[in-house]
Structure formats: C-alpha cells, structure tokens
Amino acid sequence: MKYLLGAACVCIFFVQTLQAADKNMPGISPAEDQKSFVEYFSKRFPSVPFQEFGNGIYALDEGQRAQWEEIEQFPPYEFAVDAGKALFETPFANGKSYGSCFENGGIGVRQDYPYFDSGSGQVKTLELAINECRENNGEKKLKYKKGDIAAISAYMAFTSRGELLNVKVPDEPAALAAYQDGMQFYYEKRGQLNFSCADCHVQNAGQNIRADSLSAALGHPTHFPVYRSKWGELGTLHRRFGGCNKNVRATPLDAQSESYRNLEYFLSYMSNGLEINGPGARK
Amino acid sequence: MANQIKIRAKQKDGIATVKCLISHIMETGTRRDSKTGDIVPAHFIEEVTLKHNGKVVMTANWGPAVSKDPYLSFKFKGAASGDSVTISWIDNKGESQSVEDTIK
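So the protein sequences, as listed, match chains A and B.
Using the working numbering, you'd call the opening residue of the first sequence number 1 and step up by one each time.
Using the working numbering, you'd call the opening residue of the second sequence number 1 and step up by one each time.
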C-alpha cells in the first residue's frame, strides 16, 4: 500500500515535469533535445566528424573499423539488396506494385520514415508502410523482423543512400506525445539487469561490455535494416530492439508494437541530419 | 533464390586480387529442424577452383565449418588486365556453379 502511494507520487511528479512549461525540460522541444543529444556525443568523441556517427562502433574504434572496411569492400548484404529489388519490382496479384504506395515510386524515400500519421494518430515506420501496402492490395502481411520485409526495406534504404535523415515531429499534441513516449522508453530502466538503453548507448558509448563494444546512440537508426554477422542475415530495427531488451533480461515487445514504433520515432529524430547508409554490415 | 557468385577481379603490378561472394546455404548437417526434430541434411561446398586463363591457380577444400554465403579473397602473380578468371564450386550434393570474369 505504501509502495503504491510512493509509485503514484513518482508518476504524478514525472507527468507534471513533462507538462511543465519550461522549454529546457527534455521532451518539450524535440529540436532542443536533438541539439543537446548531438552536443553530448560531439563532446564525448571530439575527433569523430558528425557524419561518421552513422557508422556506429566503427566510428569509435580503429581496429574494428579496419575489419569493417574490409567487409564493406564486398558487403554480405548485397544478395539481400538484389532479392529486395526483385521483390519490390514484382507486382501483386492485382497488378499493382509497391511503388504505387509510396512517394516517388518508393525510390529514395527512406529518410522520411518514421513519420507521424495525424489521420490514424500513430507513428508509421517504413516496415509498417510496406505491410500496409501489401494489405491494401490484397496480399498477406510479412513478418516484421527478418526475411522478405528486411530485403524490401534494405532495397528501399539502399536507394536512399546519401540522403539525410529527415524525421519530423509536427507541432501536434499526439505527435509530441508519441515522441515523448519513445524518449521515456529510451531512458527508463528495464529488465532483470535494470539497464536503460541510455545506460549503454549514451552513458557508456565507446566502452566495452564484456567482450564487445557499445556503439553511440547517435546514428543508430541510419543503417537499418542491418546484416549482422551474428544473425548471418538481415534483420530490422525492431528485431534489434527485441534483442537488446532480451540482453538486459527484459521481456521483448512485438516488432512494430506501439512502444517500439514510438522508440524508433524518438531515436530517428535524434539522428536527423545524418546520411542514410543502409543496409549496414555489423558484427 | 538461385545460387549466385559475385566476382571482382583487379590487378596491380602483375598481382591479381580476386574477391567473390558466393551465395550458398552451407548447411552443416548437424542442425535439427525445429518442428520435426529431424536433422537438416548437410549441404555445403566441398571444392572451390580458381582458374586463370584456363589454368588452375587455386583449389580450396571447404567443409561444414565455412559459413553461409562465403566470401573468398585470393591473390596470385602473373596476371594482366584483360585476362580471364573463372571461379567454380562443387558441393556435397554434386551441384555446381561457375562464373567467369575479366581482370580489370
């Protein structure tokens, strides 16, 4: 009973601080948040040029970068991009194709995702849009973590290489709420190990975690979907979210669940201005 | 998707560097099907041959330890731009593939 009261007090306090009129409170102004986010990492890693952050740990560690550069000479995701292109260009049973669902025929649009759809009041990610396209054309949805969805997403990302990530949070309460929800998820502790995403990727970016190294949060979404050597195949961002949650022994959420979409929304906004470099190759 | 071989061959000062990415399932034969519990049959490349102008310059004997979609990089002397290189493989099921390219 006392515990419940205490928790309720904390909740009210947190909500009140979020609603405070102070523009310096995190979550109130996404643009200000993004500025501080980038400033933090620039100060932490002063020798790393801004655009290099899209390369994750390979921007921070020379030895690992050398290995990655060799892999990139003949990237393992090439087959998947070819497969994705073939899937993208194959028409549905009704004769229409993916291109009809997207701006510019779906070519060079990756940098505009995710976006807040005011009509349905939710964040739409690229993978969600791909499946919506399928459903609207009488096809079954694809599974969200790997396989065909990753291949199509990889091809679309590939056509956007070099474009700057340009996620927008419109000045609407629902959009801001989704952004704040993503931000809250990022900084909340979770799991048996009681870590937040920020504990590893903000506070301890560049440090080792057992035998591996932690990449910086800045630049995280730009190279997805990703070919992870560990997976031996492509996987989507939400596949990785689930994996990370499992790593801290928290129950993973479903790919494309509202929480993960809001999380992707927040994370992507923080990386605005970085080049799309997907699909990427990682350990 | 059918097997593919992507190949890039360059030469510098007479030394050719051939890099290729071979799509192949490279099934070890020790994994079990998650639904039936049966062993997934072994299916992996056993031999890779690289020919330069028709002459074999490299033979590789692979096995189940090589991962899916293997990447191979190989250098050899005595190459000139315009020469042909052919990479071929045979797997334990007797399937094979071969691709030819010109050294740049």
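Don't take every hint at face value.
What the hints assert, rightly or not - 25 Å max Cα-Cα, derived DSS-like pairs, lysine-lysine:
| no. | chain 1 | residue 1 | chain 2 | residue 2 |
| --- | --- | --- | --- | --- |
| 1 | A | Lys143 | B | Lys6 |
| 2 | B | Lys35 | A | Lys283 |
| 3 | A | Lys124 | A | Lys85 |
| 4 | B | Lys6 | A | Lys85 |
| 5 | A | Lys146 | A | Lys124 |
| 6 | A | Lys146 | B | Lys35 |
| 7 | A | Lys141 | B | Lys6 |
| 8 | A | Lys230 | B | Lys68 |
| 9 | B | Lys35 | A | Lys140 |
| 10 | A | Lys85 | B | Lys35 |
| 11 | B | Lys77 | B | Lys55 |
| 12 | A | Lys85 | A | Lys96 |
| 13 | B | Lys93 | B | Lys10 |
| 14 | A | Lys124 | A | Lys141 |
| 15 | A | Lys143 | B | Lys75 |
| 16 | A | Lys230 | B | Lys19 |
| 17 | A | Lys146 | B | Lys55 |
| 18 | B | Lys10 | B | Lys51 |
| 19 | B | Lys104 | B | Lys19 |
| 20 | B | Lys35 | A | Lys230 |
| 21 | B | Lys77 | B | Lys104 |
| 22 | B | Lys104 | B | Lys35 |
| 23 | B | Lys68 | B | Lys19 |
| 24 | B | Lys35 | B | Lys75 |
| 25 | A | Lys283 | B | Lys55 |
| 26 | B | Lys51 | B | Lys19 |
| 27 | B | Lys75 | A | Lys85 |
| 28 | B | Lys35 | B | Lys10 |
| 29 | A | Lys230 | B | Lys6 |
| 30 | A | Lys246 | B | Lys55 |
| 31 | A | Lys146 | B | Lys68 |
| 32 | A | Lys283 | B | Lys51 |
FYI, nobody ran anything at the bench for these hints, they're computed from the structure.
Hints, verified against the model:
Only pairs whose Cα atoms come within 25 Å are accepted, and lysine 143(A) paired with lysine 6(B) is rejected, the gap being roughly 28 Å. A C-alpha spacing of about 29 Å is found between lysine 35(B) and lysine 283(A), which places the hinted pair above 25 Å, so the restraint is violated. Of the pairs offered as hints, the one joining lysine 124(A) and lysine 85(A) holds, with about 22 Å between alpha carbons and a cut-off of 25 Å not exceeded. Distance check on the hinted pair: lysine 6(B) and lysine 85(A) sit about 16 Å apart at the alpha-carbon level, within 25 Å; holds.
Proposed proximity of lysine 146(A) and lysine 124(A) is supported: the alpha carbons are some 18 Å apart, at most 25 Å. The straight-line distance between the Cα atoms of lysine 146(A) and lysine 35(B) is roughly 19 Å, inside the 25 Å bound, and the hint therefore holds. Using a Cα cut-off of 25 Å, the hinted pair lysine 141(A) and lysine 6(B) is violated, with the two alpha carbons roughly 31 Å apart. Between lysine 230(A) and lysine 68(B) the CA atoms are separated by roughly 12 Å; this keeps the pair inside 25 Å, and the hint holds.
Distance restraint check for lysine 35(B) and lysine 140(A): the Cα-Cα separation of roughly 23 Å lies within the 25 Å cut-off, and the hinted pair is therefore satisfied. Pair hint lysine 85(A) plus lysine 35(B) does not hold up; C-alpha atoms about 31 Å apart against a cutoff of 25 Å. At roughly 13 Å between alpha-carbon atoms, lysine 77(B) and lysine 55(B) fall within 25 Å of each other, so this suggested pair holds. As the CA atoms of lysine 85(A) and lysine 96(A) are separated by approximately 16 Å, the hinted pair is consistent with the 25 Å bound.
Between lysine 93(B) and lysine 10(B) the alpha-carbon distance is near 32 Å, which puts this suggested pair outside the 25 Å criterion. Between lysine 124(A) and lysine 141(A) the alpha-carbon distance is near 15 Å, which keeps this suggested pair within the 25 Å criterion. A distance of roughly 42 Å separates the Cα atoms of lysine 143(A) and lysine 75(B); the hinted pair therefore is violated under the 25 Å criterion. Using a Cα cut-off of 25 Å, the hinted pair lysine 230(A) and lysine 19(B) holds, with the two alpha carbons roughly 22 Å apart.
Note on lysine 146(A) and lysine 55(B): the hinted pairing is violated, with a Cα-Cα distance of about 42 Å set against a maximum of 25 Å. Straight-line distance between C-alpha atoms of lysine 10(B) and lysine 51(B) comes to about 15 Å, which keeps the hinted pair within the 25 Å bound. Between lysine 104(B) and lysine 19(B) the CA atoms are separated by roughly 12 Å; this keeps the pair inside 25 Å, and the hint holds. Between lysine 35(B) and lysine 230(A), the direct Cα distance comes to roughly 23 Å. Compliance with the 25 Å bound is thereby established for this hinted pair.
Note on lysine 77(B) and lysine 104(B): the hinted pairing holds, with a Cα-Cα distance of about 14 Å set against a maximum of 25 Å. A distance of roughly 48 Å separates the Cα atoms of lysine 104(B) and lysine 35(B); the hinted pair therefore is violated under the 25 Å criterion. Between the alpha carbons of lysine 68(B) and lysine 19(B) the distance comes to roughly 16 Å, so the proposed pair stays at or under 25 Å and holds. Annotation: proposed proximity of lysine 35(B) to lysine 75(B) is violated, straight-line Cα distance about 44 Å (limit 25 Å).
Restraint check: the Cα-Cα separation between lysine 283(A) and lysine 55(B) comes to about 37 Å, which exceeds 25 Å; the hinted pair is violated. Taking the CA atoms of lysine 51(B) and lysine 19(B), the gap is about 13 Å. The hint holds against a cut of 25 Å. Between lysine 75(B) and lysine 85(A) the CA atoms are separated by roughly 32 Å; this puts the pair beyond 25 Å, and the hint is violated. Distance hint between lysine 35(B) and lysine 10(B) is unfulfilled; the C-alpha atoms sit about 46 Å from each other, more than 25 Å.
Only pairs whose Cα atoms come within 25 Å are accepted, and lysine 230(A) paired with lysine 6(B) is accepted, the gap being roughly 22 Å. Between lysine 246(A) and lysine 55(B) the alpha-carbon distance is near 52 Å, which puts this suggested pair outside the 25 Å criterion. For the hint linking lysine 146(A) to lysine 68(B), the alpha-carbon distance of about 16 Å falls within 25 Å, and the restraint holds. Of the supplied pair hints, the one linking lysine 283(A) and lysine 51(B) is violated, its CA atoms being roughly 32 Å apart against a limit of 25 Å.
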